[in-house]
Amino acid sequence: MLALKIHKKSLSFPAYRFYFHFKRPHRVIMTLTNDTKPKVLVLNAPGNAPSDYVAKLKTMVEFHSIDQASHDVVARRIAEAVKEKGPFIAFVVFINWWSRPFPWPMDEALIGPLVETGCKMFSSGGAGYDFADIKYMTRKGVYYANTPKMPALRTADSTAMMILQALRGSSEREGDARGGRWFDPSKPLAKDARCSTLGIVGMGNIGKLVSEHMQHFGMKVIYHNRNRLPSDEENGAEYVSFEELLMRSDVISIHCPLNESTRHLFNRQVLNRMKDDMIIVNTARGAVIDEDALVEALNSGKGTRIYLELFRE
Numbered sequence: 004m005l006a007l008k009i010h011k012k013s014l015s016f017p018a019y020r021f022y023f024h025f026k027r028p029h030r031v032i033m034t035l036t037n038d039t040k041p042k043v044l045v046l047n048a049p050g051n052a053p054s055d056y057v058a059k060l061k062t063m064v065e066f067h068s069i070d071q072a073s074h075d076v077v078a079r080r081i082a083e084a085v086k087e088k089g090p091f092i093a094f095v096v097f098i099n100w101w102s103r104p105f106p107w108p109m110d111e112a113l114i115g116p117l118v119e120t121g122c123k124m125f126s127s128g129g130a131g132y133d134f135a136d137i138k139y140m141t142r143k144g145v146y147y148a149n150t151p152k153m154p155a156l157r158t159a160d161s162t163a164m165m166i167l168q169a170l171r172g173s174s175e176r177e178g179d180a181r182g183g184r185w186f187d188p189s190k191p192l193a194k195d196a197r198c199s200t201l202g203i204v205g206m207g208n209i210g211k212l213v214s215e216h217m218q219h220f221g222m223k224v225i226y227h228n229r230n231r232l233p234s235d236e237e238n239g240a241e242y243v244s245f246e247e248l249l250m251r252s253d254v255i256s257i258h259c260p261l262n263e264s265t266r267h268l269f270n271r272q273v274l275n276r277m278k279d280d281m282i283i284v285n286t287a288r289g290a291v292i293d294e295d296a297l298v299e300a301l302n303s304g305k306g307t308r309i310y311l312e313l314f315r316e
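For reference, each letter of the sequence shown is one residue, going 4 to 316 in our numbering.
Honestly, the hints are just simulated from the structure, not real lab data.
Among the clues, some could well be false.
[Said to hold, decoys possible] In silico DSS-like links for lysine-lysine, alpha-carbon gap of 30 Å or less:
| hint | residue 1 | residue 2 |
| --- | --- | --- |
| 1 | Lys40 | Lys86 |
| 2 | Lys59 | Lys123 |
| 3 | Lys152 | Lys86 |
| 4 | Lys42 | Lys190 |
| 5 | Lys86 | Lys59 |
| 6 | Lys190 | Lys138 |
| 7 | Lys61 | Lys86 |
| 8 | Lys190 | Lys223 |
| 9 | Lys123 | Lys143 |
| 10 | Lys278 | Lys190 |
| 11 | Lys138 | Lys152 |
| 12 | Lys138 | Lys123 |
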């Protein structure tokens with residue numbers, strides 16, 4: 004079984020590093036000779052991983068890689084790899100977020116040939132797993148591993164930067180200055196973090212770090228989660244209902260996962276219940292927000308600034 008362990012080195016870059024190790028099941032040990040390594044299929048060679056870790060990993064397993072493409076093309080490449088190079092004990096995804104198309108979803112049509120030939124471990128870097136067919140994997144008795152803590156600090160840092168930019172209007176001011184426009188009275192005035200309330204939707208690894216960051220800037224932090232955190236994990240944040248969060252927040256920062264219950268969570272009705280001068284920062288999946296409803300709200304004068312890290316597609 005492929006096991007992923009994240010080791011926190013320090014709060015300076017790089018904050019997290021991957022450490023890979025393999026725990027081979029007894030039945031595999033019995034069938035392997037001393038000269039045989041377990042085989043792992045990789046989507047995209049791990050080019051961004053530290054070379055020393057990749058070299059160490061290659062002493063433990065036999066790597067085979069395929070390139071990123073559309074779902075149908077990757078499905079065909081997986082089937083060919085299983086037939087020509089398999090069987091594989093694990094399928095590891097190093098997705099290239101800057102290269103489209105993505106091969107999602109990770110469903111039976113994509114990974115079925117791996118599952119049917121004994122592959123038990125599927126993994127991908129990152130916190131989100133909305134692209135993985137967890138129901139299918141559960142039914143087949145295979146495992147999926149994500150790395151929820153790996154991107155947390157960097158995402159929280161980016162979120163804090165966007166919140167401050169939104170409050171101060173710094174991106175707009177820079178654009179105005181570059182265009183020779185030194186003052187535009189039609190633009191909304193900057194807000195002071197110390198006089199503002201931040202509402203966090205989804206108080207997981209990233210949400211907790213964002214709360215910590217923004218309290219250092221004097222913001223009052225409230226949050227809503229499926230379940231309230233233990234008091235020793237709230238670290239000064241106040242738990243409130245979703246309805247109260249909408250009414251009280253000057254800035255709403257979204258960090259919930261994308262699933263059936265959160266898709267278009269921020270729809271027309273929810274947006275209308277927020278403050279007229281609200282600010283939204285979304286570093287979660289784009290589909291958490293109904294983009295059509297958001298555009299409609301902005302055109303009607305609702306909201307001042309919206310920062311989106313991802314879009315619906």
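Evaluated hints:
For the hint pairing Lys40 with Lys86, the CA-to-CA distance comes to about 18 Å; that is within 30 Å, so the pair holds. A hinted pair counts as satisfied when its Cα atoms are at most 30 Å apart, and Lys59 with Lys123 qualifies at roughly 22 Å. For the hint linking Lys152 to Lys86, the alpha-carbon distance of about 35 Å lies beyond 30 Å, and the restraint is violated. Annotation: proposed proximity of Lys42 to Lys190 is violated, straight-line Cα distance about 58 Å (limit 30 Å).
Proximity of Lys86 to Lys59 is assessed by CA-CA distance (about 27 Å); at most 30 Å being required, the pair is judged to hold. Between Lys190 and Lys138 the alpha-carbon distance is near 48 Å, which puts this suggested pair outside the 30 Å criterion. Between Lys61 and Lys86 the alpha-carbon distance is near 22 Å, which keeps this suggested pair within the 30 Å criterion. For the hint pairing Lys190 with Lys223, the CA-to-CA distance comes to about 25 Å; that is within 30 Å, so the pair holds.
Taken as a hint, the Lys123 and Lys143 pair is honoured in the structure, with Cα atoms around 9 Å apart against an allowance of 30 Å. Note on Lys278 and Lys190: the hinted pairing holds, with a Cα-Cα distance of about 18 Å set against a maximum of 30 Å. At most 30 Å may separate the alpha-carbon atoms for a hinted pair to count; Lys138 and Lys152 meet this at roughly 23 Å. Distance restraint check for Lys138 and Lys123: the Cα-Cα separation of roughly 15 Å lies within the 30 Å cut-off, and the hinted pair is therefore satisfied.
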